[in-house]
Amino acid sequence: MSLALEMATPEEVMGSSDTALVDVVDGLLRHGVVIRGELWLTVADVDLVFLGLDLLLAAPDKIRPEEQA
Amino acid sequence: MNVLGWTGDTNVPPGAQPFRRGRWTALLASSDSTKTPHARLAIQVSWFDTGFDFIPVAPAQQLTRADVTGAACLGNLETIWKNIEGRGQFWLAVRPRDEHRSMPCQGRAWLQTRKARQDQERHHKTLLDKIVKELNLPVNACQQGAQRASSAILVPRHAAQKTRLAIAQIAQKHETSADVTLAVSGLWPPLAFTQKGLGTA
Numbered sequence: 794m795s796l797a798l799e800m801a802t803p804e805e806v807m808g809s810s811d812t813a814l815v816d817v818v819d820g821l822l823r824h825g826v827v828i829r830g831e832l833w834l835t836v837a838d839v840d841l842v843f844l845g846l847d848l849l850l851a852a853p854d855k856i857r858p859e860e861q862a
Numbered sequence: 249m250n251v252l253g254w255t256g257d258t259n260v261p262p263g264a265q266p267f268r269r270g271r272w273t274a275l276l277a278s279s280d281s282t283k284t285p286h287a288r289l290a291i292q293v294s295w296f297d298t299g300f301d302f303i304p305v306a307p308a309q310q311l312t313r314a315d316v317t318g319a320a321c322l323g324n325l326e327t328i329w330k331n332i333e334g335r336g337q338f339w340l341a342v343r344p345r346d347e348h349r350s351m352p353c354q355g356r357a358w359l360q361t362r363k364a365r366q367d368q369e370r371h372h373k374t375l376l377d378k379i380v381k382e383l384n385l386p387v388n389a390c391q392q393g394a395q396r397a398s399s400a401i402l403v404p405r406h407a408a409q410k411t412r413l414a415i416a417q418i419a420q421k422h423e424t425s426a427d428v429t430l431a432v433s434g435l436w437p438p439l440a441f442t443q444k445g446l447g448t449a
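Chains as they are written, first to last, in this note's numbering: chain A, 794 to 862; chain B, 249 to 449.
Just so you know, these hints were derived from the structure itself, not from any lab.
Worth double-checking, as some hints may not be accurate.
Taking lysine to any residue and the SDA-like style, the derived pairs with C-alpha atoms no more than 20 Å apart in a straight line are [stated by the list, open to error]:
| hint | chain 1 | residue 1 | chain 2 | residue 2 |
| --- | --- | --- | --- | --- |
| 1 | B | 363 | A | 831 |
| 2 | B | 421 | B | 409 |
| 3 | B | 373 | A | 820 |
| 4 | B | 283 | A | 836 |
| 5 | B | 283 | B | 272 |
| 6 | B | 283 | A | 807 |
| 7 | B | 283 | A | 819 |
| 8 | B | 363 | A | 807 |
| 9 | B | 378 | B | 363 |
| 10 | B | 373 | B | 390 |
| 11 | B | 410 | A | 800 |
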C-alpha cells in the first residue's frame, strides 16, 4: 500500500483546529522544548522501577492561550 | 512597532514600515496587529504570499525597533539572504493516520505502549529521511517526537508546484502500512532556515 498523502496550504493550517495541523504552527512558532528523560532502577540485572519524564520547557507567554498572550 | 523580518530590497510589502540599518531594512508592523506569535506569523505569510522576499524573524520573538537598533546580527544577514533568496519552505511530517495521544494507566501496558511508540517514531524518521533524500533539497534537522518525525525543506518559489508533484510521486512509490501518513504544508516563509545567527545584541 502506498504512503497516504495530505497536503495543506499555510492558510488552511493557520485556520485549522485539527491537532495535526496545529502542530505545524506550533513548530513554526517554536513554542518550546520538550525534554525527555528516563530512569531505570535495576538490581542484579532485574529492572525494578522505571521513571519516565516528559518536560515541556517554554516561556509562559508561549503556552498561554492567545487572548492572554 | 515590532520587527517581523529583514530585507535588502528598498521596497517593502503593504502595511510594513521600513527601518534602515545600513544596507538592510528592518520590516516593522504595528504592535496592535502583532501582539501574538500567531498574528506575527500570519502577517509574515501574507507578505510572503505577495511574492516579497525577506528574512523572517521567528514569530515567537517579539522584537521592537529598539532591540534591533544595536543588532549584532547584521553581519549574518548577508549569508542567510544568499541561502534563502527566492525560496520558501515546505514542512513534511510522517505520522500515524490516527493519532492516539492518551496512554494506558496500567504500568506494564504503559511501558509497552511507550516502547511501541518509540519504535514507530524511529520508523517514521527512517521513512522521512528516505523521502527527503530523494527530493535532494536543503533540509533542516529532523524533529522527532509525539509519534511523528518532521523536517522542513527549502524550495525555490518557482519550483513549488514541481516539488508538490515530486512529493506525491515519492509517496505513491513508498510501500508502507495503512496507518502511516505523509503530511505536507507550504509554501511557508523559510523560517526554519533563518534563525541560526539571527540573534540580537
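Now for the hints, and whether the structure bears them out:
Proximity of residue 363 of chain B to residue 831 of chain A is assessed by CA-CA distance (about 12 Å); at most 20 Å being required, the pair is judged to hold. Note on residue 421 of chain B and residue 409 of chain B: the hinted pairing holds, with a Cα-Cα distance of about 19 Å set against a maximum of 20 Å. Taking the CA atoms of residue 373 of chain B and residue 820 of chain A, the gap is near 17 Å; set against the 20 Å cutoff, the hint holds. A threshold of 20 Å between alpha carbons decides the hint, and for residue 283 of chain B with residue 836 of chain A the separation of about 54 Å lies outside it, so the pair is violated.
This hinted pair does not check out: residue 283 of chain B and residue 272 of chain B have alpha carbons roughly 24 Å apart, beyond 20 Å. Only pairs whose Cα atoms come within 20 Å are accepted, and residue 283 of chain B paired with residue 807 of chain A is accepted, the gap being roughly 16 Å. The suggested pairing of residue 283 of chain B with residue 819 of chain A holds, with an alpha-carbon distance near 16 Å, which does not exceed 20 Å. This hinted pair does not check out: residue 363 of chain B and residue 807 of chain A have alpha carbons roughly 32 Å apart, beyond 20 Å.
Proximity of residue 378 of chain B to residue 363 of chain B is assessed by CA-CA distance (about 23 Å); at most 20 Å being required, the pair is judged violated. The straight-line distance between the Cα atoms of residue 373 of chain B and residue 390 of chain B is roughly 8 Å, inside the 20 Å bound, and the hint therefore holds. Proposed proximity of residue 410 of chain B and residue 800 of chain A is supported: the alpha carbons are some 14 Å apart, at most 20 Å.
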